[in-house]
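*Asks:* Start from the sequences and build out the full structure, keeping to the hints where you can.
There are 2 protein chains.
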Amino acid sequence: MPEFRQNMVSKEWVIIATERAKRPDQFLQKKEGKKALPHYRKDCPFCPGNESMTPPSLFSIEKNGAWSLRVVPNKFAALQNHLTTERKHEGRFLKADGFGIAEVVIESPLHNPTLATMDLEEVRNTVFAYQERYSVLSKTGRIDLVTIFRNYGERAGTSLEHPHSQIIATPIVPPHVRNPLYQSQLACDTFGDCIYCGMMEEERRQQVRVVDETDYFLALCPFASRSPFETRIYPKTHRSSFVNLSGEELADFATVLQNTLRRLHVGLNDPDYNYIIRSAPTEDSNVKYHHWYAVIVPKLTTPAGFEIGTGIYINTTLPEQCAEFLRGVKIG
Amino acid sequence: MPEFRQNMVSKEWVIIATERAKRPDQFLQKKEGKKALPHYRKDCPFCPGNESMTPPSLFSIEKNGAWSLRVVPNKFAALQNHLTTERKHEGRFLKADGFGIAEVVIESPLHNPTLATMDLEEVRNTVFAYQERYSVLSKTGRIDLVTIFRNYGERAGTSLEHPHSQIIATPIVPPHVRNPLYQSQLACDTFGDCIYCGMMEEERRQQVRVVDETDYFLALCPFASRSPFETRIYPKTHRSSFVNLSGEELADFATVLQNTLRRLHVGLNDPDYNYIIRSAPTEDSNVKYHHWYAVIVPKLTTPAGFEIGTGIYINTTLPEQCAEFLRGVKIG
Numbered sequence: 652m653p654e655f656r657q658n659m660v661s662k663e664w665v666i667i668a669t670e671r672a673k674r675p676d677q678f679l680q681k682k683e684g685k686k687a688l689p690h691y692r693k694d695c696p697f698c699p700g701n702e703s704m705t706p707p708s709l710f711s712i713e714k715n716g717a718w719s720l721r722v723v724p725n726k727f728a729a730l731q732n733h734l735t736t737e738r739k740h741e742g743r744f745l746k747a748d749g750f751g752i753a754e755v756v757i758e759s760p761l762h763n764p765t766l767a768t769m770d771l772e773e774v775r776n777t778v779f780a781y782q783e784r785y786s787v788l789s790k791t792g793r794i795d796l797v798t799i800f801r802n803y804g805e806r807a808g809t810s811l812e813h814p815h816s817q818i819i820a821t822p823i824v825p826p827h828v829r830n831p832l833y834q835s836q837l838a839c840d841t842f843g844d845c846i847y848c849g850m851m852e853e854e855r856r857q858q859v860r861v862v863d864e865t866d867y868f869l870a871l872c873p874f875a876s877r878s879p880f881e882t883r884i885y886p887k888t889h890r891s892s893f894v895n896l897s898g899e900e901l902a903d904f905a906t907v908l909q910n911t912l913r914r915l916h917v918g919l920n921d922p923d924y925n926y927i928i929r930s931a932p933t934e935d936s937n938v939k940y941h942h943w944y945a946v947i948v949p950k951l952t953t954p955a956g957f958e959i960g961t962g963i964y965i966n967t968t969l970p971e972q973c974a975e976f977l978r979g980v981k982i983g
Numbered sequence: 652m653p654e655f656r657q658n659m660v661s662k663e664w665v666i667i668a669t670e671r672a673k674r675p676d677q678f679l680q681k682k683e684g685k686k687a688l689p690h691y692r693k694d695c696p697f698c699p700g701n702e703s704m705t706p707p708s709l710f711s712i713e714k715n716g717a718w719s720l721r722v723v724p725n726k727f728a729a730l731q732n733h734l735t736t737e738r739k740h741e742g743r744f745l746k747a748d749g750f751g752i753a754e755v756v757i758e759s760p761l762h763n764p765t766l767a768t769m770d771l772e773e774v775r776n777t778v779f780a781y782q783e784r785y786s787v788l789s790k791t792g793r794i795d796l797v798t799i800f801r802n803y804g805e806r807a808g809t810s811l812e813h814p815h816s817q818i819i820a821t822p823i824v825p826p827h828v829r830n831p832l833y834q835s836q837l838a839c840d841t842f843g844d845c846i847y848c849g850m851m852e853e854e855r856r857q858q859v860r861v862v863d864e865t866d867y868f869l870a871l872c873p874f875a876s877r878s879p880f881e882t883r884i885y886p887k888t889h890r891s892s893f894v895n896l897s898g899e900e901l902a903d904f905a906t907v908l909q910n911t912l913r914r915l916h917v918g919l920n921d922p923d924y925n926y927i928i929r930s931a932p933t934e935d936s937n938v939k940y941h942h943w944y945a946v947i948v949p950k951l952t953t954p955a956g957f958e959i960g961t962g963i964y965i966n967t968t969l970p971e972q973c974a975e976f977l978r979g980v981k982i983g
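Sequences listed follow chains A and B, in order. Start counting the first sequence at 652; every next residue gets the next number (this note's numbering). Start counting the second sequence at 652; every next residue gets the next number (this note's numbering).
Treat the hints as calculated values from the structure; they're not laboratory data. Please read these numbers as outputs of a predicted model, since none were measured by experiment. Any given hint could turn out to be false.
When chains are identical, the list treats them as one kind, so a pair holds in a single copy or across two.
Listed next, the in silico DSSO-like pairs over lysine-lysine satisfying Cα-Cα at most 30 Å (straight line) [what the hints assert, rightly or not]: (1) K739 / K887; (2) K981 / K673; (3) K662 / K739; (4) K686 / K746; (5) K887 / K726; (6) K726 / K746; (7) K662 / K887.
*Replies:* In structure tokens form, the structure reads like this:
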């Protein structure tokens, strides 16, 4: 029997279409899908020796006299940092200059690893760089939201092979972000505590959607997963912003992030994915009602007219089965 | 200079990234992208002679003793019509049986035309069937929203070649639909009239984004287009629901819909697309604040982590240039 499930925070619904449910292993990606990459490419702007192909580093981590991670301004940024934030009317329409800050985190000097396969130290460097830049960007005064994300593979919208993440800081909190914040605030006004903390308590009690648990984090396939193998990583201690993680928590996040990506990599044979870190707006970095998390969306299905029209995603897998599958993947 | 633009109703923002703007003709699809289809396939469930491969017709249009259009229940429906609409708690989570009605409109007995290339009479039959079924479904009492949509091509999420549309009726109005309704209601409470009527007045004054205008409809590329060549068709007379169109208006809608799809088909060489008819919830079919419209989204780009995370779409084309390009396409 198919089933509607509601996202507790956004109040959006999904349809878990069990009648045409696919078993998790039916999403296994084809071996021939991805070609092996070299560890270096002469024409790659992110490979060592080609530093002049990018703007100068904003931040870097060195090892044995060479860089092992660099953060650089995005040369092809959709937003620019020298503009105003003023809203302007054009007749009845509202617009603003495209002020914003866009950066790229080059995660490794090597061209061919991925977060799932690189050394844990490089993943730690990556999340450390996220926090460093988040901290700097959120203090500029004109930035309301810092979004950290990673597009992996062509189906996830990237054409650059070299391992990298992106950070985009905007002077706008859009409704897509604000509406769930309003809902979690309302829940907090009603029940007196964080709706995410309550959800995690429930998930730890039910256990059926939990993928992994570490000292500081819980990885799970959400009750109202929009697509197969959607996985979220929540800090177990209440934190509204990614910027507030301690060093120990950050190191643990690197471990659980890599292990979760490795489960997907091994279990589904290297699928494309997007992940996003959903942190509070910069001025709400210490609030009771928001709880930051990372969401990983493997690109295994195509949203179509019904999803675009209603926001109701049809998911042909049971989140409980996906979680069970991921728990069972041997990641060595 | 890049620019933020706001959708007047949903209040969501887009970034028009003019620095890396592409010219409209750079979205021309490759000729070899689509293979020519036969007009009949023995194994196609929608081709004549194979009627037993689908459930019996709910509605059909005959011509010369054979069917020229059929509406049938969706055999692989994500929702089922014999279930309850009761909401149930599972711990803190909320769910409901997957009650709903899913139908398929088989638009032609031929396997290989598309809405852009078929006879106008078939397009008229199609939109007439939409209205017929919309009317029946909205009167069942348990249906709150009727969504009519069409997925064309693999990138738009369909695998069936035979020309068809879909209708899904749900017992739920999701936030994705409700939030913009609430915004347009608020605008109506504030200014006393329909925000869409005002927007159209502005578009007709500015003219730069208008693609086509007929007796009853205006086709345009929206000010805050989320992706290249997004095109919307609005009735010029205020109507909150698609069900309220007169026969004359419906015939005119068939013409403007086909002409718009033909502009995309000829101008961009047959791109994949989704379209959706956004009509009011069934209980709001005669309200001042909502104005139904059709939105056509050609699948030319891939939303990535930033779009998933923020709902802010980065569009590398100017809607004004897309409109100018589409206006200039010769459609015979």
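*Asks:* A separate judgement is required for each hint: does it hold in the structure or not?
*Replies:* To see whether the hints hold, each was checked on the structure:
For the homomeric pair K739 and K887, the shortest alpha-carbon distance between copies (27 Å) is at most 30 Å, but the shortest distance inside one copy (42 Å) is not. Proximity of K981 and K673 under a CA criterion of 30 Å is satisfied intra-copy only: 22 Å inside one chain copy versus 45 Å between copies. Within a single copy, K662 and K739 get their C-alpha atoms only as close as 32 Å, which misses the 30 Å cut-off; across copies the closest is 14 Å, which meets it. When the C-alpha separation of K686 and K746 is checked against a cutoff of 30 Å, the pair qualifies neither within a copy, at 43 Å, nor between copies, at 42 Å.
For a Cα distance limit of 30 Å, the shortest separation of K887 from K726 qualifies neither inside one copy, at 37 Å, nor across copies, at 44 Å. In this assembly of identical chains, K726 and K746 lie within 30 Å of each other by CA distance solely inside one copy; the values are 24 Å within and 46 Å between copies. In this assembly of identical chains, K662 and K887 lie within 30 Å of each other by CA distance solely inside one copy; the values are 22 Å within and 33 Å between copies.
Going through the hint list in order, the structure does not satisfy hints 4 and 5.
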